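Engineer: All chains should be built: construct the whole structure from the sequences, respecting the hints.
Following the working numbering, the numbering of the sequence shown begins with 1 at its first residue and continues without gaps.
No lab work stands behind these hints, which were simulated from the structure alone. Owing to the predicted nature of the structure, the values given are computational and were not obtained by experimental measurement. All C-beta atoms, glycine included, are put in the ideal place defined by N, C-alpha and C. One or more hints might be untrue.
Unchecked claim - Computed spacing ranges between beta-carbons, pair by pair:
1) Pro216 to Lys272: 37 to 47 Å
2) His221 to Leu350: 45 to 55 Å
3) Pro20 to Glu320: 23 to 33 Å
4) Leu324 to Glu219: 27 to 37 Å
5) Glu209 to Arg352: 21 to 31 Å
6) Gly106 to Gly172: 44 to 54 Å
Said to hold, decoys possible - Calculated cross-link-like contacts (lysine to any residue; reagent style SDA-like; alpha-carbon spacing at most 25 Å):
7) Lys90 to Glu12
8) Lys90 to Ala206
9) Lys90 to Leu105
10) Lys272 to Leu55
11) Lys90 to Asp123
12) Lys90 to Val203
13) Lys90 to Gly72
14) Lys272 to Leu105
15) Lys90 to Asp49
16) Lys272 to Ala59
17) Lys272 to Gln253
18) Lys272 to Glu326
19) Lys272 to Leu324
20) Lys90 to Leu55
21) Lys90 to Glu128
22) Lys272 to Trp165
23) Lys90 to Pro20
24) Lys272 to Thr245
25) Lys272 to Glu341
26) Lys90 to Ser136
27) Lys90 to Gly143
28) Lys272 to Leu240
29) Lys90 to Arg100
30) Lys90 to Val124
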Amino acid sequence: MPSVFTAGSQHEQVVFCMDPASGLRAIIAIYSTALGPALGGTRFHPYADEDAALLDALALSKAMAYKAACAGLDLGGGKAVILGDPDRDKSEPLLRAYGRFVASLGGRYITACDVGTYVEDMDVIARESRWVTGRSPEHGGSGDSGILTAYGVFEGMRACARHLWGTPSLAGRRVAVCGVGKVGRRLVGHLLADGARVVAADVSRAALERLRAEHPDVETHADPDVLVETDADVYSPCALGGALTADVVGALQARVVCGAANNQLADADVDKLLAAAGVLYAPDFVVNAGGLIQVSDEIQGYSQERAQAKVSGIFASTLEVLTLAEQTGITSTIAATQLAERRIGEVGRLRRILVPQTS
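Structural biologist: See below:
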């Protein structure tokens, strides 16, 4: 792969963290602090190699910057990855060592949960750093961010329905949910409550069993690939990124793609393929911002009512993106990127106006 300076040429800072005694190997990537501190989760994942971990951190931190901008938050974009198997390698010393590195950045980066990390882990990290969100309610946090992430994706999906079919209701629509972990499972609940017909898939037997225990009438599959060719109105990727490839688009039966997974497009050209196929795509960094909105609310003292009201705004922001794309003849991803970069530029430039510090 190219050098770190080439691969991360648009980023402000990339930090490599090592603590041999605990086994910690981590990368913290800060894309932008133009709008405020870079807030983004910590992913604990057994990457194939260090290059894959770096590229993931760089891509995810950029997406977080756009996500915060589109959500109207005064936050920048950052992300961290810890290399390793969380089931085998996670330990208190490792998490606390990582917390020391987060603390060393002095608030430029604020962490939270992501794949492989949970509220209990944030509580451990917070013993070494105050720049931690996504903590348990017992420690003043908002708890599981998957709750409002799922709600935000549901609101984004309703916006897609409004744009395409003239009504936000998903009643009678068939929705294929790929991945029913802590976000996808809750999304299924929202969809069923709205009258949608749901078919779901996950490679995890435990995840499917938990879903069936809560919603026994939902059709389930152990092979996520089945959902691509399923006759559905909406396809909702809610697992890891890169799910939307050229082959997937060629086989896809749904007219809408809207899901919780980060970095869903395997490459930039997939967005154009979706548009050419007549598939309405809701950019992931717009519709899955609910978790970011939730944990960011902890910074001012968490209020569930206030956070949920902010997440409801994803309906309007998704409609704005889809309308701009339709009116200007560009893809939805380009439209969302333009809106995000406009806000980063217009609001971020105000930081150049000096405000004297008062003691």
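Engineer: What are the numbers of the hints that this structure violates, sorted from low to high?
Structural biologist: When the structure is compared with the hints, numbers 3, 5, 7, 13 and 14 turn out to be violated.
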